[in-house]
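A.B. asks: Same order as they appear, the protein sequences are chains A and B.
Residue 165 in numbering that gives the first Met the number 0 sits at position 166 of the first sequence; the count goes up by one each step and never skips.
Residue 87 in numbering that gives the first Met the number 0 sits at position 88 of the second sequence; the count goes up by one each step and never skips.
Because the hints were derived from the structure by calculation, they are not lab data.
The beta carbon of each residue, even a glycine, is placed where N, CA and C say it ideally should be.
Do not take every clue at face value.
[Unchecked claim] Capping the alpha-carbon separation at 16 angstroms, the derived lysine to aspartate or glutamate pairs in EDC-like fashion look like this:
#1 A:232 - A:244
#2 B:183 - A:5
#3 A:234 - A:255
#4 A:194 - B:239
#5 A:194 - B:238
#6 B:237 - A:361
#7 A:9 - A:253
#8 A:231 - A:253
#9 B:53 - B:252
#10 A:288 - B:238
[To be verified] Using C-beta positions, here's what the derived DEER-type ranges look like:
#11 B:66 - A:374: 25 to 35 angstroms
#12 B:71 - A:273: 23 to 33 angstroms
#13 B:119 - A:311: 38 to 48 angstroms
#14 A:11 - B:181: 28 to 38 angstroms
#15 B:181 - A:322: 51 to 61 angstroms
[What the hints assert, rightly or not] Derived list of chain B stretches under chain A, where covered just means 3 residues or more per stretch with a C-beta under 8 angstroms from a C-beta of chain A:
#16 50 to 59
#17 195 to 209
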Amino acid sequence: MVHGAEWTQKTLFVYPNEFIYWSIQIVMYPYMTGLVAGAFVLSSLYHVFGQKDLKEMARFSLVFSLCLLPVAMMPLLLHLQQPFRGINVMFTPHFTSAIAAFGIVFSTYAAIVATEIWFVYRVFFVEQVHALKGKEGFADNFKRILYLVLSLGAFDLSEEAAAKDKRAITIMASIGVPVAGFLHGYAGFIFGSVKANALWMSPLMPVIFIMSAVVSGIALCMLTYIIIMEWKKFKAILARGRGDERVKVIRGVEMEVMSTTSRYLMMFLVAAISLELLDLIFRGYTQMKSWDILRSVMFEEDFVKIFVLQYGLGNLVPFILLLIPGTTIKRLVIALLLVLYGVFMMRWNVVIGGQAFSLSFEGFMHYHLPVIPHNLETFKEGVAGALMVVATPFILFWGINKILPSLTVKEG
Amino acid sequence: MSCSRRKFLKSTLSGTLAASVPVSALKILSPSESKAATTGTENTRWGFLIDTKKCVGCGMCVKACKNENAVPYDAPVTRTWVERYVVTRDGRTHIDSPNGARDGFTSQKILDQEIRPEEINKTFFVPKLCNQCENPACVQVCPVGATYQTGDGVVLIDRTWCIGCGYCIMACPYGVRFFHPVFKVADKCTFCYHRISKGLPTACVQACPFGARKIGNLMDPDDPVTKIITTERVAVLKDEYGTKPQAFYIGLDMNVR
Ligand code: SF4
Ligand code: SF4
Numbered sequence: 000m001v002h003g004a005e006w007t008q009k010t011l012f013v014y015p016n017e018f019i020y021w022s023i024q025i026v027m028y029p030y031m032t033g034l035v036a037g038a039f040v041l042s043s044l045y046h047v048f049g050q051k052d053l054k055e056m057a058r059f060s061l062v063f064s065l066c067l068l069p070v071a072m073m074p075l076l077l078h079l080q081q082p083f084r085g086i087n088v089m090f091t092p093h094f095t096s097a098i099a100a101f102g103i104v105f106s107t108y109a110a111i112v113a114t115e116i117w118f119v120y121r122v123f124f125v126e127q128v129h130a131l132k133g134k135e136g137f138a139d140n141f142k143r144i145l146y147l148v149l150s151l152g153a154f155d156l157s158e159e160a161a162a163k164d165k166r167a168i169t170i171m172a173s174i175g176v177p178v179a180g181f182l183h184g185y186a187g188f189i190f191g192s193v194k195a196n197a198l199w200m201s202p203l204m205p206v207i208f209i210m211s212a213v214v215s216g217i218a219l220c221m222l223t224y225i226i227i228m229e230w231k232k233f234k235a236i237l238a239r240g241r242g243d244e245r246v247k248v249i250r251g252v253e254m255e256v257m258s259t260t261s262r263y264l265m266m267f268l269v270a271a272i273s274l275e276l277l278d279l280i281f282r283g284y285t286q287m288k289s290w291d292i293l294r295s296v297m298f299e300e301d302f303v304k305i306f307v308l309q310y311g312l313g314n315l316v317p318f319i320l321l322l323i324p325g326t327t328i329k330r331l332v333i334a335l336l337l338v339l340y341g342v343f344m345m346r347w348n349v350v351i352g353g354q355a356f357s358l359s360f361e362g363f364m365h366y367h368l369p370v371i372p373h374n375l376e377t378f379k380e381g382v383a384g385a386l387m388v389v390a391t392p393f394i395l396f397w398g399i400n401k402i403l404p405s406l407t408v409k410e411g
Numbered sequence: 000m001s002c003s004r005r006k007f008l009k010s011t012l013s014g015t016l017a018a019s020v021p022v023s024a025l026k027i028l029s030p031s032e033s034k035a036a037t038t039g040t041e042n043t044r045w046g047f048l049i050d051t052k053k054c055v056g057c058g059m060c061v062k063a064c065k066n067e068n069a070v071p072y073d074a075p076v077t078r079t080w081v082e083r084y085v086v087t088r089d090g091r092t093h094i095d096s097p098n099g100a101r102d103g104f105t106s107q108k109i110l111d112q113e114i115r116p117e118e119i120n121k122t123f124f125v126p127k128l129c130n131q132c133e134n135p136a137c138v139q140v141c142p143v144g145a146t147y148q149t150g151d152g153v154v155l156i157d158r159t160w161c162i163g164c165g166y167c168i169m170a171c172p173y174g175v176r177f178f179h180p181v182f183k184v185a186d187k188c189t190f191c192y193h194r195i196s197k198g199l200p201t202a203c204v205q206a207c208p209f210g211a212r213k214i215g216n217l218m219d220p221d222d223p224v225t226k227i228i229t230t231e232r233v234a235v236l237k238d239e240y241g242t243k244p245q246a247f248y249i250g251l252d253m254n255v256r
């Protein structure tokens, strides 16, 4: 079976070798890197720009962006026809290629996140080592050794040392923001620089990608935060009953953090939509040769996906939901889910929509996402593969949060 | 003490480096090695000439190419194909290329549409293949250098090094690239590099009964292909992408995509 033939349906005249080669995993790739970058930017709003109201979110989103990290390259690997050769990019990076720098940018970014986290948690590591000292039992012993290793021998708990940590965090976070931006901006560049593709070919692509990345990152962090807080509340209710003080406190904290974060969310949402519309209007106004086919893809073939699902359901509806005063958690959850869906649809419409028309400008290709896998390819590049990618950060968070509790420790 | 430790570190470091060189060198050199093996032919630049007035759409070239280059016969991908154009009186262009024209054009129907002869203004065939661009977009985007350009201008793919990302397929404005169904790496026309470098014509050139296809050395002013390209009016496909194609067409129609 030829790669792509499984899920591509052609209409009118399409060159014989044309298929939808970049499928769901290439939709997942910018989506997941976007979440990484967005989560990091959110944490940096506190660490760099001193947005005190985001303190609670900052630590959590930092740890969460660590969990999202490995997932940024997972889809890339999954879509390769020769996944075991993926490492070749490191051996022979070919620097005229936009993908080639991925390994380097990605590792730099990973190092920055890891370092920042280390500084945030150093005091906590040392305290844990002290607290676990002398305790019997395998688990405690193991934990003590783990924290001992993680502390890297920096045991100084003095105020001076803590102040230094703080300064280091600020520095790492400020370097991290441009690197995170770059990491994602260049994911946009991968598409924007494909001159053969009329839809992708736009210098705005990187900026559009960064903005929607921040939107999705913030939305996901908020959503996860709400789920965790709700879980805590639920546990408190189980333990002490509905009217308990603790339940009220949790609810109060949750509402406050959420309403401030959602202001930032709206800001970035507006920026993202304006840029996308600017791109669309510009194409319509300049009417290049490709406009004919783009118009028929946007206003006919993919109208529902772009204008109803992406702009309408994914952008406009949540925006209104967030604007209406007197936000409740329920409404917020719906809005956030829709925002996440909207950004996903944007990736989908860019990646799949970009391949929806033939390079001959004479025909169309339709992508049928494989739902039930019947071989490795339909598994990797179908619903199953996509779900695997989506689930990974949460599994990682569950594990990592046991070592780096991001929702209970007080940061200095 | 500290001195000996430094010495120790130094020797360990250099030892590690030295040990890692041969292992990595094997891999690192692969694409460039193959490039080195094919460069140095400064006085050759392969170019292709297609005479659309001579092509009758028999598909012999497509068949020959599939056989010569081990592209599975029944797979819906091909290194070269022929397009049929029918321009009707109402100004519309109908295009098709069933199976890449592997079996020629056996039906009057175009994309399941019957067109009455009296409606037709003009009709013609256009063979397509990799243009072996002078400024190839595919080489530019390959993240590992598996797609590379030889000194004599032919763009090749290192099958042992391609990671199968598909970036080159996306980048080629001519849609000539595909994933080889057996090797699972990017594939496309190589101008039959294994033949031309031995002085033989490409499989398609040899198979064409009407001489619609020709290959020649553009650096040689006496080459018949070069003569035509330099003295007659020829055109290239999709000039606007700046890829500088090296496949030239005689009698190219404005409707060709
Ligand atoms: S025609 Fe396409 S595959 Fe061939 S050299 Fe040009 S860009 Fe590369
Ligand atoms: S598919 Fe192979 S040849 Fe094409 S860009 Fe990727 S690694 Fe290079």
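A.B. asks: State for each hint whether it applies.
C.D. replies: Cross-check of the supplied hints:
{"no.": "1", "hint": "A:232 - A:244", "in the structure": "11 angstroms, holds"}
{"no.": "2", "hint": "B:183 - A:5", "in the structure": "15 angstroms, holds"}
{"no.": "3", "hint": "A:234 - A:255", "in the structure": "20 angstroms, violated"}
{"no.": "4", "hint": "A:194 - B:239", "in the structure": "10 angstroms, holds"}
{"no.": "5", "hint": "A:194 - B:238", "in the structure": "12 angstroms, holds"}
{"no.": "6", "hint": "B:237 - A:361", "in the structure": "14 angstroms, holds"}
{"no.": "7", "hint": "A:9 - A:253", "in the structure": "50 angstroms, violated"}
{"no.": "8", "hint": "A:231 - A:253", "in the structure": "11 angstroms, holds"}
{"no.": "9", "hint": "B:53 - B:252", "in the structure": "14 angstroms, holds"}
{"no.": "10", "hint": "A:288 - B:238", "in the structure": "13 angstroms, holds"}
{"no.": "11", "hint": "B:66 - A:374: 25 to 35 angstroms", "in the structure": "28 angstroms, holds"}
{"no.": "12", "hint": "B:71 - A:273: 23 to 33 angstroms", "in the structure": "49 angstroms, violated"}
{"no.": "13", "hint": "B:119 - A:311: 38 to 48 angstroms", "in the structure": "45 angstroms, holds"}
{"no.": "14", "hint": "A:11 - B:181: 28 to 38 angstroms", "in the structure": "29 angstroms, holds"}
{"no.": "15", "hint": "B:181 - A:322: 51 to 61 angstroms", "in the structure": "56 angstroms, holds"}
{"no.": "16", "hint": "50 to 59", "in the structure": "violated (count 0)"}
{"no.": "17", "hint": "195 to 209", "in the structure": "violated (count 0)"}
Taken one by one, the earlier hints fail for this structure at numbers 3, 7, 12, 16 and 17, listed in ascending order.
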